[in-house]
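Visitor: So the sequences go chain by chain: B and L. Per this note's numbering, residue 3 is the first one in the first sequence, and the count goes up by one each step. Per this note's numbering, residue 1325 is the first one in the second sequence, and the count goes up by one each step.
Please keep in mind that the hints were generated in silico from the structure rather than gathered at the bench. A few of these clues could be false.
Claimed, not checked - Derived Cβ-Cβ restraints for the label pairs, each shown as a range: (1) 1879(L) / 6(B): 56 to 66 Å; (2) 1679(L) / 7(B): 41 to 51 Å; (3) 12(B) / 1396(L): 43 to 53 Å; (4) 1380(L) / 80(B): 21 to 31 Å; (5) 1906(L) / 7(B): 53 to 63 Å; (6) 39(B) / 1878(L): 19 to 29 Å; (7) 1475(L) / 23(B): 37 to 47 Å; (8) 39(B) / 1771(L): 52 to 62 Å; (9) 1719(L) / 29(B): 38 to 48 Å.
Unchecked claim - Going by beta-carbon spacing under 8 Å, a handful of chain B positions derived as facing chain L: (10) 54; (11) 81; (12) 88; (13) 113; (14) 116; (15) 119.
Ideal Cβ positions, reconstructed from N, Cα and C, are used throughout, including at glycine.
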Amino acid sequence: MTPQDLVIRMLPPFGGWLALASLALPDGSPLRGAAVAAFLAVGPGAALVRVCGPALRARGAEGPAERRDADFAHHSDLLERIMLAVLLSVSAAILLSTVLIAAHALSGDRVLLTLTLLTTLAAFCPALRARPAPGTTPRPTPGTTPPAASGAASGAAPPTRKGSTS
Amino acid sequence: MPGQQVPDTPRADEPPAHDSRTREEPTPHTTREPATGAPATRPARALAAWPAVPLLAALALWGYAVRHTDVSALDDYGLVGALHPTFWVGLAVLTAGFWFTVRDPRRRSRWPLAHVLGLLVMERATQALLYPTPLYAWAWKHDAVVDHLLTSGGLQDADRLGDMAVYDQWPGFFAAQAALVRLLGVDNAAMYMAWWPLVSSVLLLLPLLLIYRTFTTDRRLIWTAVWLFCVANWVGQDYFSPQSVAFALHLGVLAVVLRRYSSRTSGSSGPSGSSASSGSDGPKGLDGPDGRGGVRQGQAVWAVLLSLLVVAVVVSHQLTPGMLVVTLLALALTRRHRDWLPLVTTVVIFLAWCLTAALPFLSAAMPDMIRSVGDVGANVETGYGTTPTGAGAVAMSWAARLLSGSVLLLALAGVLRQRVLRRRAFPLLLLAAAPLPMFVASSYGSEMIFRVLMFMLPGAAFFAAAALLPRVRASAAEAADAADAAARNAERPSGPSRRRFALPSFSPPSPPRLRYGAWLAPLVLLAGTLAFVPSYSGKDRINYFPPREVALVQRLFDQAPDGSLVVAANRNYPLAYEQYWRVDHYWFLDDDRRHVDEIVRDPAGVLARDMAAVDAPARAYFLLTQGQTANSEMNGQLNEAQLRHVRESVAGSPRFERVAENSAGVLYVLKPAS
């Protein structure tokens, strides 16, 4: 795992714990608002997208009919991940709040703490990998991580693997 | 063929570098460094940064306008009549800067993005800065719902809340806002909801850009479509409301389906991909028959993520899931997106919610809903109380109609003119057309026409932008496919209907362009951008409630005992639904016309009779504010003179006692019967 991977992996839970710590600031404080809003808007979704990323990429992406440009496609993939991070975060906040209000247990602290714990849990989860069929050797695409790590690439063809990204 | 890719043959459509029809996304080296790869020189860097000039100039003009606009006395033209002229100059400079930036293929996408963000700030943040209180009675109503959830701590039914129980059956947005209010440590959502239009509009950019980038690499087309979407989206569903978030989630689901559930990429059966997957994303080795396990796992993970988005839509808003279903159905009926999983998932989740949590509301509303199915005339008519009245209201209403009509006509022109694009981006055409059948389904409180327009916009804006840009020519692969198809059809004696779809998609040689033609597109863009302001904020006399009006209504709720009744002309005032779980309302202009006429004939007598049923210690209040007067007058109900007559009658009646009065309105209470 590179330092950059580690930062990407740990940034969402760090944001959550920072948001929790910011609750100690006075009511209505802009710093508190910024920390809470930033985490709720991106944190949980970013953690989920990181966990699901490799498996999601097993499904190809439709692209424009014009000449394919590696940068263009890369930027579209990045945009998709950012969109998913934001919309999944918003969805997570909505769904959790709905469950809590239905259970007569809604509180801001509870929502933030639960999302932070889930985000932290996701940060320690290995990424879901696309699983090749037994006895096959997937062909890695330049610029992408081989789907089943080095074992598959060397012909060992592990039937299943859920492991860390590093 | 699944995963098939078009070989990178030299393109027949690739124009010379000087051709204005160059359509590809510029690679970074074209913008930052000269061909030698040496670092860009200072003059080159300065030249690359020139788009900052119009952007900063526009923002400076906007800032000046905001500081010098007085909204204390709005007329029937709303904010349009009050804005400082530099606002319009700023908007024109921004539009011109955007146009000249986006059409330069060497510019990076960050500049069009910066201009679009500048546009959103000028469009959606101006009111937040100008008005000291949040706009829209509906936004205040939603704040009251959030307050209710915070007060009650749970969901309640119609026995306790009456008609307002509907919000407890779609509580997603409100519950999340209740949590946010607590986390921010503010008193209520009114503290930040003035900024919601800007937040929700920026949120839309993410799925919108992804959708457009699925069908073209042409930067001009992508960003002009985004710009047109922003200026044509005047309908005003960006305020503090469930639909503002649900619409973004709806577009997010569609972006995923369009990009990841195409038969060209999913491994399912489908047409041979004349345009295949984007190439960078994912291990293509798994798309073939030797990697089905990985593909299936990927499908399962995508299904889970899509379900999360869909559930969030379903628990938040009534109409958006219906729009999502009809759009997914339209896509699933095409060969290109014949994957039923997103549609079935959405339908199952939607039905599950409707048959459980939302059943009380739906069972009560079902007879009316069934009656309105197929009654298109009634579903699109506006009805009493929604007819713009007065020169200002009529002019603003026509500006909005012209703006929407122009964008839809432009979209039609784009569809007819851009044959290649029509085929490449056919799913976007479906996105624009799919909401139309909802006219048949329901009137949605006389709002269906506006909602349908909003849901059509993502697709319509794309083709409207295409109408403003040079014609797209077919790629070599498309031309070859079309030629093959034409040859096959030529061998058949079958009808011309098939032939229509198989015509080679080469564009005919363009005639020499007229000089003024080059200016037509930016002028249309500018006209649309300027027309947004009257369409969006031309009715601010209705939607803005000055602080003294808020204070007057707040005084009412500060003293009203439980079970009290508030009588007002209509619901267009701040805090209209404040504490709705303990204070009841009667808005007499919502009543039968004959009863309204009775009130006009003898206001104090009829109102006192209507209010007499309130038992002590509850009280019955009469509230008349400037927001109610503006709404009634500008929507063709009672005019100012008639409402003044009502007010004077109540003031002169011994049955009423004045509680409070200021320049924004009056508050009376009915004296207990002796």
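Visitor: For each hint, tell me whether it holds in the structure or not.
Guide: Against the structure, the hints:
{"no.": "1", "hint": "1879(L) / 6(B): 56 to 66 Å", "result": "holds, 58 Å"}
{"no.": "2", "hint": "1679(L) / 7(B): 41 to 51 Å", "result": "holds, 45 Å"}
{"no.": "3", "hint": "12(B) / 1396(L): 43 to 53 Å", "result": "holds, 51 Å"}
{"no.": "4", "hint": "1380(L) / 80(B): 21 to 31 Å", "result": "holds, 27 Å"}
{"no.": "5", "hint": "1906(L) / 7(B): 53 to 63 Å", "result": "holds, 55 Å"}
{"no.": "6", "hint": "39(B) / 1878(L): 19 to 29 Å", "result": "holds, 27 Å"}
{"no.": "7", "hint": "1475(L) / 23(B): 37 to 47 Å", "result": "violated, 28 Å"}
{"no.": "8", "hint": "39(B) / 1771(L): 52 to 62 Å", "result": "violated, 30 Å"}
{"no.": "9", "hint": "1719(L) / 29(B): 38 to 48 Å", "result": "holds, 45 Å"}
{"no.": "10", "hint": "54", "result": "holds, 5 Å"}
{"no.": "11", "hint": "81", "result": "holds, 5 Å"}
{"no.": "12", "hint": "88", "result": "holds, 6 Å"}
{"no.": "13", "hint": "113", "result": "holds, 4 Å"}
{"no.": "14", "hint": "116", "result": "violated, 10 Å"}
{"no.": "15", "hint": "119", "result": "violated, 15 Å"}
In summary, the numbered hints that this structure violates are 7, 8, 14, 15.
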